[in-house]
Amino acid sequence: MSRYIPESLRIFNRTHNRPTAAAKRERSAEAKARYDRLRKIEDMKLAKEMGVSLADMGAI
Numbered sequence: 101m102s103r104y105i106p107e108s109l110r111i112f113n114r115t116h117n118r119p120t121a122a123a124k125r126e127r128s129a130e131a132k133a134r135y136d137r138l139r140k141i142e143d144m145k146l147a148k149e150m151g152v153s154l155a156d157m158g159a160i
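For the sequence shown, this note's numbering gives the first residue as 101, with consecutive numbering after it.
To be clear, the hints were calculated from the coordinates, so they are not data collected in a lab.
Any given hint could be a false lead.
[What the hints assert, rightly or not] If you anchor each label on the Cβ, the simulated ranges turn out as follows:
id	residue 1	residue 2	range
1	P119	L146	28 to 38 angstroms
2	I105	A147	54 to 64 angstroms
3	I111	V152	57 to 67 angstroms
4	S108	L138	38 to 48 angstroms
5	L109	Y135	30 to 40 angstroms
Just so you know, these numbers come straight off a predicted model, no measurement behind them.
The beta-carbon is built from N, C-alpha and C at its ideal position, and this holds for glycine as well.
All chains, full assembly: derive it from the sequences and hints.
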């Protein structure tokens with residue numbers, strides 16, 4: 101059973117339920133951290149395949 105929501109309230113929600121700048125920064129920081137972790141894992145795999153240490157590759 102759905103409730104009736106007036107059109108004016110639907111428009112208000114559509115324009116006011118936007119993420120704040122702080123929330124965007126937080127999500128951006130999380131995405132950057134995830135990317136950095138994945139990049140480090142890829143660097144470790146590549147170093148292992150090549151048989152050298154990460155220090156020799158200059159990744160650290």
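Unmet hints by their number, sorted upward, for this structure: No numbers; nothing is violated.
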